[in-house]
Structure formats: C-alpha cells, structure tokens
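Number of protein chains: 2
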Amino acid sequence: MEEWQIYQLEKQEEFVDDLVEFLKIPSMSGQADSFKDVEAAAQWVKDRLIRAGLEHVSILPTAQHPVVFAQYIKDPSLPTVLIYGHFDTQPVDPLDLWDSPPFEPVIKNDRVYARGASDDKGNMLAPILAVESLLKTEGELPINIKFLFEGQEEIGSPDLPDFVAAYKDLLACNFAISADGGQYEEDQPLLLLGLRGICALQIDLEGAKSDLHSGHYGGMVQNPIHALSHLLASMRDDNGKITVDGFYDDVKELTKDERAEIAKVPFDSYKELLNLGLEEFFGESEYSPLERASIRPTLEVNGIWGGFQGEGTKTVLPSEAHAKITCRLVAEQNPDHVIEAIAKHVRKNTLPGVRSSIKILGKGSSAYNMPFDHPGNVAAAEVLKDIYLKTPVHIWAGGSIPICSILLEHLKVYTVNFAFGLSDENIHAPNEFFRLESFRKSQKAYVLYLKNLAKHAGKFSSLGF
Amino acid sequence: MEEWQIYQLEKQEEFVDDLVEFLKIPSMSGQADSFKDVEAAAQWVKDRLIRAGLEHVSILPTAQHPVVFAQYIKDPSLPTVLIYGHFDTQPVDPLDLWDSPPFEPVIKNDRVYARGASDDKGNMLAPILAVESLLKTEGELPINIKFLFEGQEEIGSPDLPDFVAAYKDLLACNFAISADGGQYEEDQPLLLLGLRGICALQIDLEGAKSDLHSGHYGGMVQNPIHALSHLLASMRDDNGKITVDGFYDDVKELTKDERAEIAKVPFDSYKELLNLGLEEFFGESEYSPLERASIRPTLEVNGIWGGFQGEGTKTVLPSEAHAKITCRLVAEQNPDHVIEAIAKHVRKNTLPGVRSSIKILGKGSSAYNMPFDHPGNVAAAEVLKDIYLKTPVHIWAGGSIPICSILLEHLKVYTVNFAFGLSDENIHAPNEFFRLESFRKSQKAYVLYLKNLAKHAGKFSSLGF
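So the protein lines, in turn, are chains A and B. Heads up: the first sequence at position 127 corresponds to 159 in our numbering, and the numbers run straight through without jumps. Heads up: the second sequence at position 177 corresponds to 209 in our numbering, and the numbers run straight through without jumps.
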C-alpha cells in the first residue's frame with residue numbers, strides 16, 4: 033500500500049468531518065437569504081484548499097456569487113488540468129418531505145444525508161483531498177493542477193462565461209475535469225463523450241381581438257387552438273421525426289463504432305418503462321431509445337395553453353393560443369439556424385385567420401462533443417477500469433451542462449466528467465445523500481487519475497507558463 | 033288611433049317608472065347575496081301582473097329561484113300562447129367600468145341604463161303592458177294568454193326542465209313566444225327559425241407518471257402535447273371540415289329556399305371583420321360565413337393546456353395534456369352519438385406512448401328548428417313588416433337558447449322569438465341599456481301580434497281546457 037493510500041485511510045474520519053462541516057453551510061445560490069452562506073462556503077473552500085497545500089488560493093468576485101481559484105504548478109512543461117466543481121446547492125423545498133433537516137447532515141448506513149451531499153459538495157471535495165494526500169505524503173503532484181469552484185451552478189452559471197473569458201490566462205489548461213456529475217451504476221463506470229445543445233422559443237397565435245362566443249362565431253372564425261394544433265402536428269411525423277425543413281441539416285450520423293459504444297450502455301428497457309409508468313417508448317424507429325435521447329436532436333413542446341382551463345364548460349372561441357418549445361441539438365446544429373428554420377415553418381404553416389409570431393427564449397447553445405480518444409479520456413478510462421474491474425461505457429447524454437460549453441468556447445479545452453454521484457442519490461430532491469463508499473473511491477480515483485495523466489504527459493502540448 | 037294605443041301613449045311615463053322600479057331590484061340569480069332580491073323581483077312581477085288584470089297570478093317554487101305564472105283564458109276554443117321571459121339578471125362585474133351604478137337606473141337620450149334593462153326586464157315587461165292596455169280599453173284579450181317568467185335564466189335554467197315537466201298541464205299552449213332576445217338592427221326585423229344544439233367533452237392524455245426532463249427523455253418518450261396536437265389536428269381538415277367519422281351523419285342540407293333566406297340577412301363582412309380584428313373569415317368554403325356559424329355543425333376547442341405556462345423556459349417533457357371541446361349541432365344530430373363518434377376517433381387516433389380518455393361535460397342538447405310556415409311565425413312576420421315597413425329576415429342562430437328546447441321537449445310546442453333588444457345594448461357587460469323607443473315599440477308590437485294571432489286562429493287546434 034502506498035503512502036498516500038495510508039494517509040487517506042488514516043484521515044478518512046477527519047475527511048468525513050470536513051464534509052459534514054461543509055454540508056452545514058446552507059449555500060443555496062437561488063435564495064437571497066442564503067447569499068451570505070454562499071460566501072461562507074467560498075471561504076470554507078478557500079481555507080480547505082490552503083490546508084490541503086494549494087497555492088494562489090483566492091476568492092474572485094463575479095456579478096453575483098464568488099469563484100474560488102487555486103493552483104499547484106509543478107513544472108510548466110507538464111500537462112495542466114483545471115478541476116471544476118461547485119459549492120452552491122439547490123433549494124430545499126418541499127422541506128416537510130425531508131427525514132432530517134437538509135443542512136444538519138446525518139450519517140446512516142455509510143451514507144451522508146444533506147442538501148448538496150452528492151451535488152456537488154461531496155464530489156468536489158474529493159479532488160481537494162486527493163491532492164492533499166499526495167502533497168502530504170509525496171511532497172508534490174505528478175502534473176500541474178488548477179481548481180475552479182463556482183457558487184452559481186444551480187442558477188445556471190449566468191456570470192461564468194464572462195468570468196472565464198476575463199480570466200482565461202489564469203485558467204489556461206490542457207483540458208478540464210468536472211467533479212460535478214456521476215457514474216452509471218455502482219458497478220459500471222462511464223465516460224461522457226457528448227451533451228446536446230439547446231434552443232428555446234415560444235409560438236404565439238392570435239385570432240380575433242377578444243374571446244368570442246363559440247355559438248355565434250363557431251364555424252366562421254379561425255380558432256387559434258385548432259391552428260396551433262395543426263402547426264405543431266405539422267412539425268413531427270408519426271414516427272417522431274421532425275418535419276421542419278432544414279432541421280436535420282447539420283446533424284451527422286454517428287459512426288458504426290460510436291453506435292456500438294452506445295449499444296454497450298447497460299439499459300434495462302423493462303425497468304425503465306416500469307419507472308416511467310409507460311408501456312412503450314416512442315420515437316424514430318431506426319434509432320434505439322438511448323440514441324434518440326442522446327445523439328438525435330429533438331423538438332419538444334414543453335407547454336401549451338389557450339382558452340378555458342377551468343372546471344366544466346365555457347363555450348368560448350379563444351382569441352389566443354401559445355406553445356413553448358425547446359430543441360435539443362446535436363453535432364453541428366446551430367441554435368440560431370434551428371430557430372430560423374422553425375420560424376420559417378411557422379410562417380409557412382400558419383392557417384388563414386390567425387397571426388403567428390415567435391419569441392426566442394434565451395441564447396441557446398450548440399452540442400458539446402469530445403473526441404473518444406482524447407488523452408484525458410483515455411487516461412480516465414484506464415483508471416476507471418482498474419477501480420471497477422470493468423471497462424467504462426462511453427455515453428452521449430441528452431441534457432446540457434453549461435460548464436463544458438463555456439470552457440470549450442473560452443478556453444478551447446474539453447472537459448472530462450470525472451465524478452462519482454449515482455442517479456438514485458436524490459439530487460434536487462428531498463433526502464439527498466452521498467455514498468461514503470463513493471467519497472472514498474473518488475479520493476483514490478483522483479490520485480490514480482493524476483498519476484496516470486503524468487504517464488500520458490507526452491500527448492499534451494506544453495502551455496509554457 | 034285605437035283606444036289601446038291612446039292608453040299606451042297616456043300611460044307611457046308610468047310604464048317607464050314601472051321599468052325603473054323593476055330595474056332597481058338587484059336580482060342576480062348567480063350571486064348568493066342576491067337570492068332574496070330574485071324573490072323580490074318575482075313578487076314585483078306578480079304584483080304587476082295582478083295590476084295588469086291577469087288571472088291565477090302565482091309564484092311557484094323550483095329547487096332554486098321561483099317562477100311566476102299568470103293566465104287569461106278567454107275561450108278554450110281560441111289559440112293559447114305562452115309568453116316567456118326572465119326577471120333575473122347577470123352579475124355586474126367589473127363594477128368600475130359602469131358609468132352609473134348598475135341598479136340605480138339612469139335615463140339618458142331616450143335610453144334606460146341599468147343591469148337587466150335589455151336582458152330581460154325591459155323586454156319581458158312589454159307583453160304585460162300590452163295585455164294591460166287591451167284589458168283596460170277593450171275589456172278582453174283576442175286570444176288566450178299564459179305567462180311564464182323565470183328567475184334562473186342567467187345561470188342556465190337548471191330547474192326549468194323539471195318545472196315545465198311537472199306543470200305541463202298548467203302550461204299547455206299552442207305555441208310559445210319568448211320575450212327574451214332581440215332584433216337584427218333598428219330598421220331590420222328578424223324571426224328566429226333555428227338554434228344549434230350542443231355537446232361538450234374533455235380529452236385527457238396521460239404519458240409518463242410524472243413530468244420528465246426533456247434532455248434526458250426527449251426523443252425516447254411520447255410527449256402528450258404532441259400527441260394531443262396530432263389528435264386535434266386529425267379532427268379537422270384545412271378547409272374547416274370536421275374529419276371525425278360519422279360526425280355529419282344526421283346533418284341535413286338546407287333547401288335552396290332556406291339558403292336563400294339566410295342570404296337575405298344583412299351581413300356586412302367588412303364591418304364584421306373590423307369589429308373582430310380579423311383579416312378574413314375561415315371555414316368550409318362551400319358555405320357562406322353566416323351559414324357556417326348557424327346551420328353547419330362545429331367542433332371547437334374551447335381550451336387547451338399542458339406542461340409549463342410560465343415566464344421563460346422550463347425543459348420539461350410533460351406527463352399530461354388536456355383539451356376541452358364543444359360541438360354545435362344542427363338538424364337531427366344527436367349529442368350522444370356525436371360524443372360517441374368523437375370518442376371512437378380519439379381511441380383510433382391516439383399515438384403510441386400515451387393513454388387517452390374522454391370526459392363528457394353536461395347533458396348536451398339537440399338543435400332546435402321551427403317550421404318556416406308555422407302560423408306563429410307567419411303572424412309575427414306580418415306584424416313585424418307592418419311596424420318596420422320591411423320584410424323580416426329569417427335566421428338560424430348559432431347559439432343555444434335553453435327555453436326553446438325545454439318547451440319543445442316537455443310541452444311539444446315551438447317558440448317564436450319576439451323581442452326587441454338590439455345587439456349593441458351591452459347585455460352581460462357594463463353599461464347595459466335598453467332603448468325606450470324599443471320599449472314603446474314592443475308594447476305596440478305585442479298588441480298587434482295578439483290581435484293578428486286571433487285572425488289566424490283557424491290554423492291552431494283547440495286545446496280544450
């Protein structure tokens with residue numbers, strides 16, 4: 033057993049105490065009452081980084097919540113990784129569904145229960161402790177490290193793009209590692225190769241200038257709800273394929289190898305359908321359900337409304353109807369082009385008797401895709417295989433993680449997701465918890481990852497600080 | 033000038049005072065606070081009928097608001113008409129949009145402003161005053177009269193079907209006249225030949241057992257809003273024709289003569305579109321706009337909802353979507369059959385991945401159609417032509433008037449709509465008013481109508497009281 037391993041073993045109780053202390057800070061970034069606690073969490077992280085032996089530890093302001101930065105530069109010719117995490121948490125409502133108060137951590141069955149335990153305090157503390165265990169036992173790190181911890185991830189990181197752009201020299205690195213996320217199952221490691229982008233819009237249809245009596249005008253005047261149904265129905269065929277002209281223009285088909293990777297992901301259809309309360313999946317039959325939800329773009333109506341929604345009947349011919357849509361984007365799809373294609377489709381397919389308009393909601397983002405053979409991935413895969421005794425699966429996830437796109441845009445680097453949360457840990461829900469088994473495993477994994485990256489050092493270019 | 037005309041002239045100021053007194057009673061049948069005032073209005077009507085010289089004047093209870101009955105039977109071998117009206121009113125909200133308090137009548141420019149002035153106190157008082165002017169000057173009426181005034185029309189007459197069924201002998205008549213309604217324009221009389229029926233339902237689509245993240249599941253799981261749009265779009269073609277199998281089964285094409293009657297109705301498309309804030313009408317191109325809104329059935333979505341309706345974006349794949357539908361029915365369409373046809377269509381056109389169900393809302397009613405050459409219509413047309421110096425147009429209206437169907441079902445009689453409200457009199461809205469010109473005209477018209485009915489007496493069968 034190596035020194036750093038013995039250190040981690042001996043210190044484990046203290047590390048758990050550290051985590052408990054960290055979890056007691058109610059650093060909810062979306063609640064004005066808790067803004068001071070977000071600052072307190074930043075201060076706690078700063079102190080912990082200093083104790084761990086990091087250098088240049090500093091709290092840097094943004095328009096809202098501060099960022100904590102630290103680094104350890106061993107040798108400018110070695111690879112430099114930027115490790116990312118966040119110390120803010122989701123809110124706690126509904127409070128009455130918690131078995132214990134969300135900011136009074138409880139340890140039970142080798143799990144710690146508290147808001148932020150898995151997302152992301154437990155996960156982000158692990159690399160700090162890993163670095164400490166190396167510095168305290170070997171006196172140095174095998175490669176260069178920078179830490180970037182933010183306090184606004186749970187509100188969508190609104191100030192992070194500007195922050196990263198402003199500090200791009202300070203944050204310069206060969207690639208990033210995100211300690212926010214997780215693994216597929218307790219015995220199945222994963223590596224994330226891609227995320228879908230997103231764009232959002234609202235469609236508004238307007239008919240007569242006020243609601244009309246459906247007896248007096250029904251049959252004579254266009255009904256905006258009918259027109260909206262017609263419009264939405266015209267956007268998708270019965271197989272789930274989007275029928276908006278140009279929608280698939282910049283979508284690339286995956287290679288056989290990539291599809292083979294997706295096929296390796298353990299996916300229990302029966303269990304998944306049972307969880308969802310569904311009898312069958314739906315969508316493009318030429319793709320598997322997992323493919324449809326990850327490497328295929330979507331056009332999804334998130335909400336619809338118009339006319340009377342109360343009890344009973346109101347014989348109204350409504351004057352308006354509305355729908356909200358988000359598209360998940362893949363490959364080279366550009367959010368602005370997709371919005372334009374939809375806008376054109378709306379103009380072309382609006383039935384007579386109503387006026388249509390669209391409202392673009394938010395900025396949108398392109399898909400994020402990382403090369404399969406990126407040395408950061410290769411090194412991570414080797415470590416995960418050693419720890420789990422199982423080859424990691426490579427997945428494309430259907431959602432969006434802002435940090436990956438932000439770092440790619442402003443620092444021109446990819447992000448390896450290297451974290452150990454599990455999907456049943458109630459993140460964003462009552463009774464969030466983190467497995468202490470995962471906490472220990474992640475400390476070890478980070479040490480092994482850093483050491484393995486040193487072995488792959490030749491594949492990275494020098495940043496020349 | 034005949035005696036009864038002189039009487040009406042001399043008494044006109046008193047009649048207007050009567051109307052003002054009647055309008056001061058806040059008899060809003062839908063407001064629990066006003067239930068006593070509905071009773072007070074019934075008492076006022078009873079007293080006024082007695083003063084007018086009617087017999088058997090009585091207040092009869094229903095489950096909610098009372099009915100006032102009166103009669104004058106001259107000779108069982110003469111025709112008997114049942115004159116209908118209602119003494120309850122709509123509520124008054126929004127109160128701040130009224131120029132004067134709704135139950136403090138104001139007379140201005142030969143109009144009386146108050147809630148209920150046109151709908152229906154002014155209109156229902158006229159036949160009472162007409163009967164009084166005949167009884168006080170000629171000592172008798174030319175035919176037999178019964179009065180049925182209700183106090184719950186504005187809440188949909190829920191107890192009237194049972195009441196009419198229970199009192200069908202008391203109410204027996206050759207046909208009915210409704211003093212609730214109006215004329216087309218100040219210089220254009222109309223007679224109503226038909227009303228559309230109605231049936232109502234709600235469609236509920238259910239997908240996964242809870243809302244899902246559109247990033248994680250979008251593309252894999254059916255979206256109930258998409259499925260609902262598909263379903264609603266499948267019910268109507270782009271020309272506005274309903275594509276539900278069996279929907280038109282019991283619809284009869286109108287005769288050339290009937291369509292020619294509709295074509296005579298003055299209908300200013302340009303003015304109507306301007307009022308509606310529309311650029312064009314919509315619907316079955318082989319029918320005129322007026323035909324589509326009166327003698328053609330409709331399937332109209334009155335409301336739709338599902339998913340996120342707030343500000344901005346929520347990336348939700350909703351678990352439910354809902355729509356409310358009412359159909360306007362014509363000719364022999366049976367509301368139950370139409371609901372069944374739609375239910376079948378829903379079952380057949382529900383996309384995979386969602387469960388659909390329908391909820392029937394209310395009892396529904398068939399269309400009401402009265403023969404063009406009914407002697408009640410013929411006699412009314414002659415009187416209207418004498419008064420307006422213009423042939424009345426015959427219209428089929430797109431809405432539903434419960435009393436017509438109730439009397440047809442339980443008394444087996446048709447109802448001639450003979451009233452003098454005009455469409456600009458703000459009924460159901462702030463600043464309702466009634467033209468005193470119409471008030472005087474209607475008193476005269478009712479006398480002439482009763483006298484003319486006596487001339488047509490031979491066309492009616494004896495009821496043999």
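Treat the hints with care, as some may be off.
Said to hold, decoys possible - Cβ pair distances, simulated, as ranges: (1) G342(B) / D368(A): 22 to 28 Å; (2) E285(B) / D368(A): 39 to 45 Å; (3) K376(A) / K444(B): 58 to 64 Å; (4) G309(A) / G278(B): 32 to 38 Å.
As the list claims (entries may be wrong) - The following residues of chain A were derived to be distant from chain B, with all beta-carbon distances above 10 Å: (5) S246; (6) D282; (7) K284; (8) A325; (9) W337; (10) A486.
For the record, the hints were derived by calculation from the structure and aren't laboratory data. All values derive from a computational prediction rather than experimental measurement. We put the CB at the ideal spot given by N, CA and C, even for glycine.
request  = Of all the hints given earlier, name the ones this structure violates by number, lowest first.
outcome  = As far as the earlier hints go, 2, 5, 8 and 9 are violated by this structure, in ascending order.
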